[in-house]
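Peer 1: When you get a sec, could you build the whole thing from the sequences and use the hints?
First to last, the sequence lines map onto chains A and B.
Sequence positions in the first sequence follow this note's numbering and run 1472 to 1583.
Sequence positions in the second sequence follow this note's numbering and run 28 to 139.
Don't read these hints as lab results, they were simulated from the structure.
Here a beta-carbon is modelled for each residue, glycine too, at the ideal position from N, C-alpha and C.
Misleading hints may appear alongside valid ones.
[What the hints assert, rightly or not] Capping the alpha-carbon separation at 27 Å, the derived lysine-lysine pairs in DSS-like fashion look like this:
#1 1527(A) / 1473(A)
#2 1541(A) / 1527(A)
#3 42(B) / 105(B)
#4 1513(A) / 38(B)
#5 1527(A) / 1570(A)
#6 38(B) / 1570(A)
#7 1570(A) / 1538(A)
#8 1541(A) / 1570(A)
#9 1527(A) / 1578(A)
#10 105(B) / 1513(A)
#11 1473(A) / 1513(A)
#12 1570(A) / 1473(A)
#13 1473(A) / 1578(A)
#14 1527(A) / 44(B)
#15 1538(A) / 1578(A)
#16 1527(A) / 1513(A)
#17 42(B) / 1513(A)
#18 1538(A) / 38(B)
[What the hints assert, rightly or not] So these bits of chain A aren't anywhere near chain B, every CB distance computed over 10 Å:
#19 1477
#20 1479
#21 1500
#22 1502
#23 1514
#24 1516
#25 1528
#26 1533
#27 1535
#28 1539
#29 1569
#30 1581
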Amino acid sequence: QKEVEQDPGPLSVPEGAIVSLNCTYSNSAFQYFMWYRQYSRKGPELLMYTYSSGNKEDGRFTAQVDKSSKYISLFIRDSQPSDSATYLCAMSDSGGYQKVTFGTGTKLQVIP
Amino acid sequence: GAGVSQTPSNKVTEKGKYVELRCDPISGHTALYWYRQSLGQGPEFLIYFQGTGAADDSGLPNDRFFAVRPEGSVSTLKIQRTERGDSAVYLCASSITGTGQFFGPGTRLTVL
Chain A
1472 QKEVEQDPGP LSVPEGAIVS LNCTYSNSAF QYFMWYRQYS RKGPELLMYT
1522 YSSGNKEDGR FTAQVDKSSK YISLFIRDSQ PSDSATYLCA MSDSGGYQKV
1572 TFGTGTKLQV IP
Chain B
28 GAGVSQTPSN KVTEKGKYVE LRCDPISGHT ALYWYRQSLG QGPEFLIYFQ
78 GTGAADDSGL PNDRFFAVRP EGSVSTLKIQ RTERGDSAVY LCASSITGTG
128 QFFGPGTRLT VL
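Peer 2: What follows is the structure, given as C-alpha cells:
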C-alpha cells in the first residue's frame, strides 16, 4: 500500500463547476500538506501549502486537511479551461528541509 | 527569470553511457532536492542537500546514481552505466524553511 493514495482520474467537468480533488494517506507523522498543479511537460507548480488540520483559502482554491481521517482535499471554484492539468497532493513530516511524498496525481479537464 | 532552471531539457543516451543533469536553484534557497517522475506517477524523492552536504540520499535507487553540490548552489545529478529503466523526467526543486518546494521544468532522460 502506498503512503499517499490519489485517484488518477481523469476527471472532466464543465466550465464554472466546483471541482473536488482529494488524497488519503497512511503516515500519521505527516503534518505539512501541499497541492501542486502540473501542466503537460512542465514541472509541478506549488498552489497551496498548509500545516496540520483546517482550511486555507487562496482565491478560487481552498485546501482542507482532516488529520483525524488522514484525508486532504482541494476545491476549485468557478473552474476554468486553464485549470486543466494534473493536480498532485504532497505531504511531509517536517516544515523544514525534508523529503516530500507525492500522490500519483489526478488529471483534470475543464470543458468550455 | 528567478525560478529553478535545469539543463539539458532533453537528453537521449544509449544504454551503458554516463550522463550528467544540472540544476540551478532559486537564489538564496539553501535546500535543493532531486526527484524522478515516471509517466503517470508523482515525483519520487531521490536526494536532498542542505547547503553543500547531502542531508538525505535515501531515495537514490542504487550506486549508479550520485549527486553533488560543491558550492552550495548548483547541483549535478550523475548517472553511470545508464539502463533503459532510468528513462524518466528528472526534477529539481529548491526551498527555504517554512515554504513548499519550487520545481524546475525537469530534464527528460531517454535511454535507448
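Peer 1: Looking back at the numbered hints, which does the structure fail to meet, lowest number first?
Peer 2: 14, 18, 19, 20, 23, 24, 29
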